[in-house]
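**Q** With the sequences and hints as input, model every part of the structure.
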Amino acid sequence: MEFKPKKTILLSVYIIVGLWIAYAFFRTDKTDEVVFSMGGGTKEIRFVKSLIEEFEARNPAIKVKLNVLPAPTDQQHHYYLTTLGAKTREIDVMRIDTIWIAEFASAGWLASLEGCINPEDRASFIPVTEKTDVFRGHLYAIPWYAGIGLLYYRKDLLEKYNLDTPHTWNDLVKACLKISSPEHVYGYLWQGKQYEGLVCNFVEFIGSNNGGIIDDTGRIIVNSAQNKIALDFMHDMIWKYRISPQNTQSELMEESSRHLFQQGKGLFLRNWTYVWELCQEDPLMKGKVGVSLLPKFSDGSPASVYGGWHLAINVHSKKKKQAWKLIEFLTSHEAQKELAMNLSWLPSRTALYDDAELLHKLPFLPVAKTSLENIQIRPNLPYYQWVSDVLQKHINRVLSNQTGSQEALQTIQTKLEGIKNEFAKD
Amino acid sequence: MFLLPGIILVLAFNLIPFIDTLITSFKNAKLILPEERFAGFDNYQAILTHSRFWRSLFITLSFTVVSISLEAILGLCLGLMMTQLSPVNNFLRVLILIPWTIPTVVTAKIWQWMFDYNLGILNYLFEVAGIHQINWLGKPFLAFFSLVIADVWKTAPFVAVIVLAGLSAIPQEICKASVVDGANSWQRFRFITLPLLLPILSVAILFRAIDALRIFDLVYVLTGGGPGGSTETLSVYAYKLFFYKGDFGQGAATSVIILFLVAGFGYFYTKKTFEMGNL
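Chains A and B, in that order, are what the protein sequence lines are.
In terms of our numbering, the first sequence has 129 at position 129, counting the first letter as 1, and numbering is strictly consecutive.
In terms of our numbering, the second sequence has 169 at position 169, counting the first letter as 1, and numbering is strictly consecutive.
Hints are computed from structural coordinates only; laboratory data are not their basis.
The model shown is predicted, which means the values in this text are computed figures rather than measured ones.
Among the clues, some could well be false.
What the hints assert, rightly or not - If you only want the chain B side, here are some residues facing chain A, beta carbon under 10 Å, derived:
hint	residue
1	TYR117
2	ALA143
3	GLY225
4	PRO227
Unchecked claim - Now the stretches of chain B that chain A is said to cover, found in silico as 3 or more residues with beta-carbon under 8 Å:
hint	stretch
5	26-36
6	229-242
In this text, a Cβ means the ideal position worked out from N, Cα and C, and glycines have one as well.
**A** Put into structure tokens, the structure is as follows:
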């Protein structure tokens, strides 16, 4: 037989590829690794890794692999949509956002945790858990840490002008008008770009005027007089009082507003709890920053939005028992204390808010505790992303002067009713 | 047997995903519904009757027309300038090409910093010059214009390089003959260079148009479709349907529409230019 080098090479390539495909098909999960998938900053990931090592030391039979996702929230959402949508078994435990729980549970991607947790333990979590982590009567996730909106202020500047921390939005505007031009700082920094953060800010503004998006019976109540006052106020802070930067509606997100504040260019800042730690580490800001409840309208009460992160189990996971063990450990009293001490994560267990050591480390804990009493949640709906999309777009149109507030609220009301009816049909 | 790997690759990476998308576009496949159902043309009907689709179509088309016109003119000028350079100045040619070699997402991030209201260099220069600061990404028209600037900056060099290649293919004899005949430099450009350059320029425009009709990364990073949805192109709309709302059916239908739009444009464009004898 004549030797044909070309043919021989090609044939061997086919054989190798064939064997490889066969291997991929028939290979079994060789390890007992529990895959824990989460996204976050470098510091957070590093600390969670050390916690996981502690867990492995206590449970030698279980190995945990940390699957690190990109930090931006919408990219994590994108990742879960593609992987869980393809019914992956490669993820066991995942860290998910409050607003995804109903969506993922409705898609049938999360394992019910009803049988896992005992009632006594369940009751020791912050009460809002029963609203956000439960979908159609089943518990699908455990809150790992809470996120709430807080008002950061420049203590030194308020003292210099002999002003108190503002309790109402009116006080805040007055303080801004008095201080910002002599001190060359922006008055109030908040998040107005067209993204999820804008919805959080909106929910807080309307919540502090007794407004809302959807009431307890599921009725849509966006188009209300209270909401109009709050939305007009958001608009006026940029365009009438000019106490918020002119690019609030185009560029201000959590980080961009924090940068401005930390560079000393802002008097007040609305942001999550992580900013506290960063201000303490910054020599420019250390000792100059105070934290308080967000202000309210004269008839309302201070309202913070709930933005926690939760742990859930993939319904297709083959290691649900080990996965639950990991969740139990990560949400335990002591792990949460460690996380709060090292990463300033707000604990999701009520008892920790009175822990003396934590109170020393995080002086805003009492403020956070009060905020949790009147916490605002974003609508807990499987189609929340649709609702958010409408809200983001039309509120942002008001802030960028493309439409009036009355017209925008009317449009949102109609669109949300349309979405509700569409899903009632399905 | 030698063709097989190629066929498998095409099947696995082009045809099967395309057919799968096509099938999904006829289904009511929302993430939050436990099962998918056949829905006929419902998705297409829903999209085509939705003002948001037409608005993003209009934005996409305007973006394509405006940015490509600018790129063609600027690219042509750059290309002509580059032929004037002596070969020693190859360094400069490489320099001009740099924007084209940078990934679009990086380009978008660079421009995001330049356009930034507080920290951006553009507003810094405006401030130094005593002009009022501009909120580049904050107003619908300006945001659109900013996208065009960033896109032109990135892709005009691409057109320039193609023009340069076309120019070097024009026989020197014709130019020399026309000089003998007494043509001035404008006449030489208008009646010799431009007609001979047109075929290759139309190829460049075709490439650019196909890219511009699908523009995604630049918009996604720079404006996210804002403010108030005023820069939302078709691809960004499809992305939001897919990965934000989890409506795979309508997302797939939008993708199919984009495909037919781009393919249809490519077909008619090549046919027209072929008839005109440019290709």
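**Q** Each hint should be assessed against the structure and marked as holding or not.
**A** Here is what the structure says about each hint:
Interface hint status for TYR117(B): upheld, as the beta-carbon distance to the closest one in chain A is roughly 3 Å, under 10 Å. Interface restraint check: ALA143(B) against chain A, minimum CB-CB distance 7 Å, threshold 10 Å, status holds. Taking 10 Å as the C-beta contact cut-off toward chain A, the hint placing GLY225(B) at the interface holds, the least distance being around 7 Å. Proximity of PRO227(B) to chain A holds as hinted, the smallest CB-CB distance being about 4 Å (cut-off 10 Å).
For the stretch 26-36 of chain B, the proposed coverage by chain A is satisfied: 6 residues have a C-beta within less than 8 Å of a C-beta in that chain, meeting the threshold of three. Chain A is given as covering the stretch 229-242 of chain B, and this holds because 4 residues of the stretch bring a CB closer than 8 Å to a CB of that chain, at least three being needed.
No hint from the list above goes unmet by this structure.
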